[in-house]
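Q: Now for the letters of each chain:
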Amino acid sequence: MNRRQFLGSMFAGAGAFTLNPSTLGAALAALPQGAFAPAGQSGGRDPVIHVINRLTYGVTPELVAHVRQIGVQAFIEEQLNPEVLTDTDLQAVLQPLMPMLEANGGVLRMELENRRAEVFATLVGAMLARSVGSRRQLFERVVQFWGDHFSVFIGKGPVLFLKIDHDRDAIRPKALGQFRELLGVSSRSPAILIYLDNAQSERRAPNENFSRELLELHTLGVNGGYTEDDVKEVARAFTGWSVNGRQENPDGRIEFTFRRMFHDPDEKVVLGTVIPAGGGELDGETVLDLLAEHPSTARLIASKLARRFVADQPPAELVETVAAEFTRTNGDIRAALRALFTSESFWNAPPKFKQPYEYAISLVRALNYRVTAPLETARALQEPLDALGQVPFTWPAPNGFPDVMGAWMNGLIMRWNMAVGAAGGEIAGMESGVDGLLTMFQANDVPFETEPVLDHMGGYLFGRTLTAQERGIVLDFATSAAQDPAAQIRAGLALLLASPAFQYR
Amino acid sequence: MAIVRTKNLSRRDFLRGSAAMSSALAAQAALPAWMPRFAFAPAQQAARGDVLVSIFLRGGADALNMVVPHGEEAYYQARPQLAIARPDDSSAEGRTLDLDGFFGLHPAFAPLLPVFQNGGMMAIHNTGSPHETRSHFEAMDFMERGTPGDYGVSSGWIGRHLSTLNNGSDSPVRAVGWGTSLQASLRGVLSPVVLESIANYHLAGDVQAAARMMQSLGSLYALQGDSLTASAEATRAAVDVLAQVGYQHYRPANGAQYPETDFAMALRQTAALIRADVGLEASCIDLGGWDTHINQGGAEGQQARLMSELAQGLAAFHADMGDQMARVSVVVMSEFGRRVAENSGRGTDHGHGGAILYMNGQLNGTPVTARWVGLNQDVLDRGEDLPITIDYRDVLSEIITRRLGNPATSEIFPGYTPTEIGLFRA
Numbered sequence: 001m002n003r004r005q006f007l008g009s010m011f012a013g014a015g016a017f018t019l020n021p022s023t024l025g026a027a028l029a030a031l032p033q034g035a036f037a038p039a040g041q042s043g044g045r046d047p048v049i050h051v052i053n054r055l056t057y058g059v060t061p062e063l064v065a066h067v068r069q070i071g072v073q074a075f076i077e078e079q080l081n082p083e084v085l086t087d088t089d090l091q092a093v094l095q096p097l098m099p100m101l102e103a104n105g106g107v108l109r110m111e112l113e114n115r116r117a118e119v120f121a122t123l124v125g126a127m128l129a130r131s132v133g134s135r136r137q138l139f140e141r142v143v144q145f146w147g148d149h150f151s152v153f154i155g156k157g158p159v160l161f162l163k164i165d166h167d168r169d170a171i172r173p174k175a176l177g178q179f180r181e182l183l184g185v186s187s188r189s190p191a192i193l194i195y196l197d198n199a200q201s202e203r204r205a206p207n208e209n210f211s212r213e214l215l216e217l218h219t220l221g222v223n224g225g226y227t228e229d230d231v232k233e234v235a236r237a238f239t240g241w242s243v244n245g246r247q248e249n250p251d252g253r254i255e256f257t258f259r260r261m262f263h264d265p266d267e268k269v270v271l272g273t274v275i276p277a278g279g280g281e282l283d284g285e286t287v288l289d290l291l292a293e294h295p296s297t298a299r300l301i302a303s304k305l306a307r308r309f310v311a312d313q314p315p316a317e318l319v320e321t322v323a324a325e326f327t328r329t330n331g332d333i334r335a336a337l338r339a340l341f342t343s344e345s346f347w348n349a350p351p352k353f354k355q356p357y358e359y360a361i362s363l364v365r366a367l368n369y370r371v372t373a374p375l376e377t378a379r380a381l382q383e384p385l386d387a388l389g390q391v392p393f394t395w396p397a398p399n400g401f402p403d404v405m406g407a408w409m410n411g412l413i414m415r416w417n418m419a420v421g422a423a424g425g426e427i428a429g430m431e432s433g434v435d436g437l438l439t440m441f442q443a444n445d446v447p448f449e450t451e452p453v454l455d456h457m458g459g460y461l462f463g464r465t466l467t468a469q470e471r472g473i474v475l476d477f478a479t480s481a482a483q484d485p486a487a488q489i490r491a492g493l494a495l496l497l498a499s500p501a502f503q504y505r
Numbered sequence: 001m002a003i004v005r006t007k008n009l010s011r012r013d014f015l016r017g018s019a020a021m022s023s024a025l026a027a028q029a030a031l032p033a034w035m036p037r038f039a040f041a042p043a044q045q046a047a048r049g050d051v052l053v054s055i056f057l058r059g060g061a062d063a064l065n066m067v068v069p070h071g072e073e074a075y076y077q078a079r080p081q082l083a084i085a086r087p088d089d090s091s092a093e094g095r096t097l098d099l100d101g102f103f104g105l106h107p108a109f110a111p112l113l114p115v116f117q118n119g120g121m122m123a124i125h126n127t128g129s130p131h132e133t134r135s136h137f138e139a140m141d142f143m144e145r146g147t148p149g150d151y152g153v154s155s156g157w158i159g160r161h162l163s164t165l166n167n168g169s170d171s172p173v174r175a176v177g178w179g180t181s182l183q184a185s186l187r188g189v190l191s192p193v194v195l196e197s198i199a200n201y202h203l204a205g206d207v208q209a210a211a212r213m214m215q216s217l218g219s220l221y222a223l224q225g226d227s228l229t230a231s232a233e234a235t236r237a238a239v240d241v242l243a244q245v246g247y248q249h250y251r252p253a254n255g256a257q258y259p260e261t262d263f264a265m266a267l268r269q270t271a272a273l274i275r276a277d278v279g280l281e282a283s284c285i286d287l288g289g290w291d292t293h294i295n296q297g298g299a300e301g302q303q304a305r306l307m308s309e310l311a312q313g314l315a316a317f318h319a320d321m322g323d324q325m326a327r328v329s330v331v332v333m334s335e336f337g338r339r340v341a342e343n344s345g346r347g348t349d350h351g352h353g354g355a356i357l358y359m360n361g362q363l364n365g366t367p368v369t370a371r372w373v374g375l376n377q378d379v380l381d382r383g384e385d386l387p388i389t390i391d392y393r394d395v396l397s398e399i400i401t402r403r404l405g406n407p408a409t410s411e412i413f414p415g416y417t418p419t420e421i422g423l424f425r426a
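Chains as they are written, first to last, in the working numbering: chain A, 1 to 505; chain B, 1 to 426.
Treat each hint with caution, since some may be false.
Facing chain A, according to a computed beta carbon distance under 10 Å, are these residues of chain B, among others [said to hold, decoys possible]:
hint: 1; residue: Asp89
hint: 2; residue: Ser90
hint: 3; residue: Ser91
hint: 4; residue: Asn166
hint: 5; residue: Leu220
hint: 6; residue: Asp226
hint: 7; residue: Leu228
Hint data in this document are derived by calculation from the structure and do not stem from the laboratory. This one's a predicted model, so the numbers in the text were calculated from it and none came from an experiment. Each residue gets a CB set at the ideal place from its N, CA and C atoms; glycine is no exception.
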């Protein structure tokens, strides 16, 4: 099944992403003080907005107020230690999804084979709800990062169901832990073993798919110092790493199993190291040890983290620094991230173009939307995300969604449409936040008039005041679009969110 | 309805002129909406070359089961489960469709058999990019750059083709990449358009409000002064042109039936843009799913379904284009072929040499061109993969010079001296 056929099969009954103009309501939320305070220094970049843009899925009024209160350094430490943050509201919202999210993918498959769209909405809805609403923003971003690093395409066979286990048992528990542990759990996960065809690999003629992508994408990198012979030897080492089937588990559970009958027991030589004959299941672990501690792996992980959090072409010194910290700490992901966020390059980073998913989430966060019904949200956002090119878990190749501007910069029209839709209307499954946002302005002593509200948007959205030219264009557009201030402000917001400054983080 | 214009008229001015023009055209109600309205190349320029339609089969398509060497005994020995039966094997359900007594087509290519037989299409076998990598991503990257083994050039081969082809066109839809992210082969085009659907390529909502917003967005992006400025400008220009195509009224010619697949829809929309004469010169389409490590299937199955999708789409496009195939070049390639021998999972692992399929109205009539060396281990690459005896740049260079009207192959494939193959009528 290709990506299109997969999405086609998932779109039946997609919900509404409507453009219902609504008037200013009386709903009054908490009123964070300081969210709309002017940027610290005129002309320069506001460090509060910068750190929010890099570590999280984007500004919300509460978050800006929070970071202004505790300071950027404390915020970084807080985000690096998500255990201390509670997510009570989010947990309540996710509650209806938990039976499925806690089930074994194989059991789900047996029960819900003909209700794949529901499983898909659960998977995507949980990710959307967490991206939009979790206080553990950095954690969720790192989960997405590893989801791309160990990318699986959920249109292949049972992978849709098994992605639930992969996410829950491998990526989420280990996202900020030791890389070797993450690599180990991920490599044993049925989603990976089936997606990369290792489950069927037998000694007679080993399947090289998993071996090659393990070396090229998960650890050493394409020029990381392995040969075609290494690919074959690693494939031999992993023969037998498989999953059990319905014969073995009548309830449908799909779990890792080692099939000794499939395994090649003879000696292997990987990267010059001899793995003696008779290692059995441990051959694979030996290979993972060799790969995890290899300097090429440290460099690959460091460069990918730096690309995600700093720049498309990160400075070489930064990559070396982060790789050195990764190596020094035996692959401690949290330590590597801390090294990244305390580097000078991080603070001087050039604007980074948002991936489509990042753009979509930052849009609804900036507009103060809250997910109330994740399944509805998933159905509502499937189409716009598809038009943008980034429905989660649907990248067909094992290298994950691209993380450079060049891949995404020609899709502006769909971004503009999404900005208009989100600023002007409502999104199913979400509590519309624009009215609440406007109320907060009033509570911050900003008069409810087009000009002062839009003036304050520069500091909130971009961490700087609007230039005179930007201001003129936005006010002209807003005032010509409608009569009443609420509609004018929404129009101005749509334009600001579609503008070039909001395409970057 | 060509609009003759002077060299230094900007695209902006030109579009303004065209807008005035199109209201004059509105009187010609009998004219279908998709008929020519613009001609972007100035009339005094030499005739343009073919429109290039570049199709990339992502994942490494198994060329040996696509263009089958049924005359080769070693093929059947290497693939006891997967081989496609000989054309005369009456015991088999699906059999190779013979082309020349040695090679034949997979049965799923049946819709294209008459096109091959009538000289409208050919396969070039034992071809590919010579870099030894078996990585999908590296192989695709090198192939689309057109510089195997060299990352020093950042643009793609089609990007350099268009940027060196000085035909004076500044059509906003000179190059279209179908999908949601730009194909690497198109990198280096001044303003490529990436789209999935002509019909949806506009700002939603009230027409006047959308127009005002587009205007304001244009002003905001102009302030940015980086690559996004050009992208936004290209987007706005493309929106204007695509609105004139009237795609919803497009009816394929000659009874062509496109299947309802993404791939076929990209071909259908390409055909509409060619018909509308809006200045399309390169169209890039992807078809993924060819990484058949397990359960590849033989005459039927996974790969057969993909080939069927490919063949049905191409056959519809060929019928739709009709006589216009004389100015269209369709090139189908993949990053590499697959291992000659099948693996334990009834699939094939990454290989080396593969095949290119080429559709054009001026071919020499030979259905398969190959420097075939057989499949014995001593001639195979690394002893296991189809070797490359024709560099894919030889194929593309000949198409570029003979059909796309661009002599600058030394800039498109820097450091490479192509060898003539003789794909076309003398």
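Q: Quick check on asparagine 166/B please, does its C-beta sit within 10 Å of some C-beta on chain A?
A: Since the shortest Cβ distance to chain A is 23 Å, the answer is violated.
Q: Go through the hint on leucine 220/B and say holds or violated, using the shortest Cβ distance to chain A against 10 Å.
A: Because about 5 Å separates leucine 220/B from the closest Cβ in chain A, which is inside the 10 Å limit, the hint holds.
Q: Holds or violated: the hint that serine 90/B contacts chain A, with Cβ atoms closer than 10 Å.
A: With a closest approach of 30 Å, the serine 90/B hint is violated.
Q: Under 10 Å, Cβ to Cβ, is where leucine 228/B needs to be relative to chain A, so tell me if that hint holds or is violated.
A: Hint on leucine 228/B: holds, closest Cβ of chain A at ~5 Å, below 10 Å.
Q: Are aspartate 89/B and chain A close enough, Cβ to Cβ, to be under 10 Å, as the hint says?
A: violated (25 Å)
Q: Mind checking the CB of aspartate 226/B against every CB in chain A and telling me if the closest is under 10 Å?
A: Since chain A brings a Cβ to about 8 Å from aspartate 226/B, closer than 10 Å, the hint holds.
Q: Identify whether the interface hint at serine 91/B stands, where standing means a beta carbon of chain A within less than 10 Å of its own.
A: violated (26 Å)
Hints 1, 2, 3, 4 from the earlier list are contradicted by this structure; the remaining hints agree with it.
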